[in-house]
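**Student:** In my numbering, the protein residues as written are 896 to 1065.
Quick caveat, the hints were computed from the structure, so don't treat them as lab data. Think of the CB as a built atom: it goes at the ideal place given N, C-alpha and C, for glycine as much as any other residue. Hints should not be assumed to be uniformly reliable.
Stated by the list, open to error - Label pairs and their computed distance ranges (CB to CB): (1) Leu937 <-> Gly991: 25 to 35 angstroms; (2) Glu1058 <-> Ala1037: 44 to 54 angstroms; (3) Asp956 <-> Met1011: 18 to 28 angstroms; (4) Ala1057 <-> Leu908: 18 to 28 angstroms; (5) Gln1048 <-> Thr909: 46 to 56 angstroms; (6) Ala1046 <-> Met896: 16 to 26 angstroms; (7) Ser1049 <-> Val1004: 19 to 29 angstroms; (8) Ala1046 <-> Leu908: 48 to 58 angstroms.
As the list claims (entries may be wrong) - Below, computed lysine to aspartate or glutamate pairings styled on EDC-like, alpha-carbon distance capped at 20 angstroms: (9) Lys933 <-> Glu1038; (10) Lys1031 <-> Glu946; (11) Lys1010 <-> Asp956; (12) Lys905 <-> Glu932; (13) Lys1031 <-> Asp956; (14) Lys1041 <-> Glu1016; (15) Lys958 <-> Glu932; (16) Lys999 <-> Glu1058; (17) Lys1061 <-> Glu1038; (18) Lys958 <-> Glu994.
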Amino acid sequence: MDSWLAPVYKTALTYLQGQIIEADAAPVYTTHLSGAEKAVFLRGAEVFNREGHCITCHQSDGKGLPAAQFPPLAGSEWVTGPEERLIKLTLHGLSGPIEVKGEKFPGVVPMTPFKMLSDQEVAEVLSFVRNTFGNKAPVVTAETVKRVRAATQSQKRFYTPAELRKAYPQ
């Protein structure tokens, strides 16, 4: 049995035997932030960990799921680079081939757009990912998210990595 099927098999067997399955412990995240910025970080961790949000593809360790072609956030230049670029791809999604930390991902499965989050929630979750998993970058403010959201309100499709790289060369 491979490493992907083993946990599923164990869970099914446990249920069939009438045993209780204990929930996984909540991830513990560390950061260099303090004070009000740490409070933003902690609220961002809650957004990150919501079902169907960031943790689903990028995982609790920020290393992504390379076998499923979901890139890492840990050490990613896309996370610690220009905040406006990160805000745009978070609000409107991302589709297409992308290179992260020198590794190429085909981008067949697009990143979900998260327009439904409030400006505050986007700022919090982006501040979180920019300051955990070994990343260090300035926190994102709700005011910046609001400005970028207003400036990109006509964006009706996913961004592509190529167009964001062109707009924000590093």
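**Student:** Which of the numbered hints above does this structure break?
**Tutor:** 2, 4, 6, 10, 11, 12, 15 and 17
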